[in-house]
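Trainee: Sequences are here, hints too, so could you generate the full structure?
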Amino acid sequence: MSAKQSSILAVALGFMAQSLSACVSTPPPAPEQMSRTQVETAPADLQLLCANAVAKASGVDSAKILPISSSKIDSKTYQVELDAGGKKTSCLVDTEGNVKSVEPI
Amino acid sequence: MTSSLANRSVASTSNDRRMAGRCLILGAALVMTAIGATLAYAAQTQVFDPQTHKWVDYDKKKARKYYAAHKEVPEAFRPQMVKFRTAEAPGTIIIDGNKHFLYLVQSGQQAMRYGIGVGREGFGWAGIVRVGRMAEWPTWTPPAEMVARDPNAAKYAAGMPGGPDNPLGARALYLYEGDQDTIYRIHGTPEPWTIGLDVSSGCIRMRNDDITDFAARINVGAKVIVLMQGAALYKGV
Numbered sequence: 002m003s004a005k006q007s008s009i010l011a012v013a014l015g016f017m018a019q020s021l022s023a024c025v026s027t028p029p030p031a032p033e034q035m036s037r038t039q040v041e042t043a044p045a046d047l048q049l050l051c052a053n054a055v056a057k058a059s060g061v062d063s064a065k066i067l068p069i070s071s072s073k074i075d076s077k078t079y080q081v082e083l084d085a086g087g088k089k090t091s092c093l094v095d096t097e098g099n100v101k102s103v104e105p106i
Numbered sequence: 063m064t065s066s067l068a069n070r071s072v073a074s075t076s077n078d079r080r081m082a083g084r085c086l087i088l089g090a091a092l093v094m095t096a097i098g099a100t101l102a103y104a105a106q107t108q109v110f111d112p113q114t115h116k117w118v119d120y121d122k123k124k125a126r127k128y129y130a131a132h133k134e135v136p137e138a139f140r141p142q143m144v145k146f147r148t149a150e151a152p153g154t155i156i157i158d159g160n161k162h163f164l165y166l167v168q169s170g171q172q173a174m175r176y177g178i179g180v181g182r183e184g185f186g187w188a189g190i191v192r193v194g195r196m197a198e199w200p201t202w203t204p205p206a207e208m209v210a211r212d213p214n215a216a217k218y219a220a221g222m223p224g225g226p227d228n229p230l231g232a233r234a235l236y237l238y239e240g241d242q243d244t245i246y247r248i249h250g251t252p253e254p255w256t257i258g259l260d261v262s263s264g265c266i267r268m269r270n271d272d273i274t275d276f277a278a279r280i281n282v283g284a285k286v287i288v289l290m291q292g293a294a295l296y297k298g299v
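So the protein lines, in turn, are chains S and U.
Take 2 as the starting number for the first sequence in my numbering and just add one per residue.
Take 63 as the starting number for the second sequence in my numbering and just add one per residue.
Think of the hints as simulated: they come from the structure by calculation, not from any bench.
Incorrect hints may have been included.
To be verified - Calculated pairs, BS3-like style, for lysine-lysine (alpha carbon to alpha carbon, straight line, at most 30 Å):
1. S/Lys73 with U/Lys217
2. U/Lys285 with S/Lys89
3. S/Lys77 with U/Lys133
4. U/Lys116 with U/Lys127
5. S/Lys77 with U/Lys127
6. S/Lys65 with S/Lys77
7. S/Lys57 with S/Lys88
8. S/Lys101 with U/Lys145
9. S/Lys65 with S/Lys88
10. S/Lys101 with S/Lys89
11. S/Lys57 with U/Lys145
12. U/Lys122 with S/Lys88
13. U/Lys133 with S/Lys73
14. U/Lys145 with U/Lys124
15. S/Lys57 with U/Lys133
16. U/Lys133 with U/Lys116
17. S/Lys88 with S/Lys101
18. S/Lys65 with U/Lys145
19. U/Lys285 with S/Lys65
20. S/Lys88 with U/Lys285
21. S/Lys77 with S/Lys89
22. S/Lys101 with U/Lys285
23. S/Lys77 with U/Lys116
24. S/Lys88 with S/Lys73
25. S/Lys101 with U/Lys122
26. S/Lys89 with U/Lys123
Mentor: Dropping the structure here:
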């Protein structure tokens with residue numbers, strides 16, 4: 002195969018791949034994930050995993066620890082702010098439920 | 063339809079009514095001061111449209127239209143068992159007010175999830191409380207302030223009997239902070255299309271079938287954790 006034929010074949014394959022990818026739509030989310038909010042907060046279970054971690058780290062009664070805000074900081078990590086008996090605390094937790102850090106604010 | 067905040071059962075005392083009135087006044091003051099903060103967190107609900115494969119805003123108008131067309135709420139707000147990683151004991155109730163979900167923790171890192179309607183802007187609250195008592199098809203009695211301004215409510219000044227049109231719906235769970243009634247409830251609703259929206263005066267509403275199923279699964283005394291980003295009020299912490 003000549004260089005010219007190779008380049009034509011490459012261009013043709015490129016167009017074909019592009020056409021095929023245009024036909025493939027993103028799969029719909031699972032039924033339990035078919036709602037969301039414009040401003041994404043951390044899932045409730047992850048917020049409470051942070052509350053549990055703060056209770057262990059601070060010794061504050063878990064009945065006095067409440068997540069008060071959260072946000073997604075990258076595709077796999079959420080930041081959760083908590084009120085621990087009046088003291089503000091920040092927690093990082095990943096989407097797998099691993100608490101990465103707990104720090105006072 | 064009405065102010066859920068002021069709803070109460072016939073079993074409540076006149077003391078409850080006075081407390082509800084005070085809470086309404088306090089609530090109004092809190093609204094003014096907290097509304098700015100709440101607006102900053104205002105989180106518009108969106109649902110996935112399987113026909114267009116797009117996320118669309120879900121407001122009162124669209125919710126009503128959806129319900130009229132499908133006789134159902136969107137799939138995400140129907141009861142379903144979901145993965146839920148937690149150290150909380152089975153039987154604990156967790157409310158995610160922002161995402162409009164109520165979770166009932168089960169064993170095996172799972173939870174039963176229901177769709178809910180929550181407090182509109184300025185009426186959101188968060189905290190750790192407990193179920194103080196429950197009632198089936200409770201009577202609703204509007205507070206004096208509502209009776210004075212709303213002729214429809216005035217008809218029920220002596221109490222609206224429980225039934226399909228009653229704002230409290232099929233069940234009411236009265237949330238307590240220690241031994242004190244918070245005046246907030248988890249209750250049913252005759253307006254099922256409002257699930258997924260910020261519509262109430264602070265009560266948590268569920269479809270009547272859902273609250274009936276849910277109430278049968280829980281015990282009085284159950285711990286209730288209410289998460290609400292940008293809340294105007296905190297209870298029990």
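Trainee: Evaluate each hint against the coordinates.
Mentor: Tested hints:
1. S/Lys73 with U/Lys217: Roughly 49 Å between the alpha carbons, so the hint for lysine 73 of chain S and lysine 217 of chain U is violated.
2. U/Lys285 with S/Lys89: holds (23 Å)
3. S/Lys77 with U/Lys133: Cα-Cα ~37 Å, so violated.
4. U/Lys116 with U/Lys127: holds (17 Å)
5. S/Lys77 with U/Lys127: violated (36 Å)
6. S/Lys65 with S/Lys77: Distance ~28 Å between lysine 65 of chain S and lysine 77 of chain S Cα, so the pair holds.
7. S/Lys57 with S/Lys88: holds (15 Å)
8. S/Lys101 with U/Lys145: holds (21 Å)
9. S/Lys65 with S/Lys88: Since the Cα atoms of lysine 65 of chain S and lysine 88 of chain S sit roughly 10 Å apart, the hinted pair holds (cutoff 30 Å).
10. S/Lys101 with S/Lys89: Holds, at about 17 Å.
11. S/Lys57 with U/Lys145: Judged against 30 Å, a Cα distance of about 23 Å means the pair holds.
12. U/Lys122 with S/Lys88: Not OK: lysine 122 of chain U and lysine 88 of chain S at ~38 Å, beyond 30 Å, violated.
13. U/Lys133 with S/Lys73: violated (34 Å)
14. U/Lys145 with U/Lys124: holds (29 Å)
15. S/Lys57 with U/Lys133: violated (46 Å)
16. U/Lys133 with U/Lys116: holds (21 Å)
17. S/Lys88 with S/Lys101: With Cα atoms ~19 Å apart, lysine 88 of chain S and lysine 101 of chain S stay inside 30 Å; holds.
18. S/Lys65 with U/Lys145: Holds - the C-alpha atoms of lysine 145 of chain U and lysine 65 of chain S are around 25 Å apart, at most 30 Å.
19. U/Lys285 with S/Lys65: holds (13 Å)
20. S/Lys88 with U/Lys285: With Cα atoms ~23 Å apart, lysine 88 of chain S and lysine 285 of chain U stay inside 30 Å; holds.
21. S/Lys77 with S/Lys89: Distance of about 23 Å is within 30 Å: holds.
22. S/Lys101 with U/Lys285: The hint holds at about 27 Å.
23. S/Lys77 with U/Lys116: Since the Cα atoms of lysine 77 of chain S and lysine 116 of chain U sit roughly 23 Å apart, the hinted pair holds (cutoff 30 Å).
24. S/Lys88 with S/Lys73: Holds, at roughly 22 Å.
25. S/Lys101 with U/Lys122: violated (39 Å)
26. S/Lys89 with U/Lys123: With a Cα-Cα distance of about 39 Å, the restraint between lysine 89 of chain S and lysine 123 of chain U is violated, given a limit of 30 Å.
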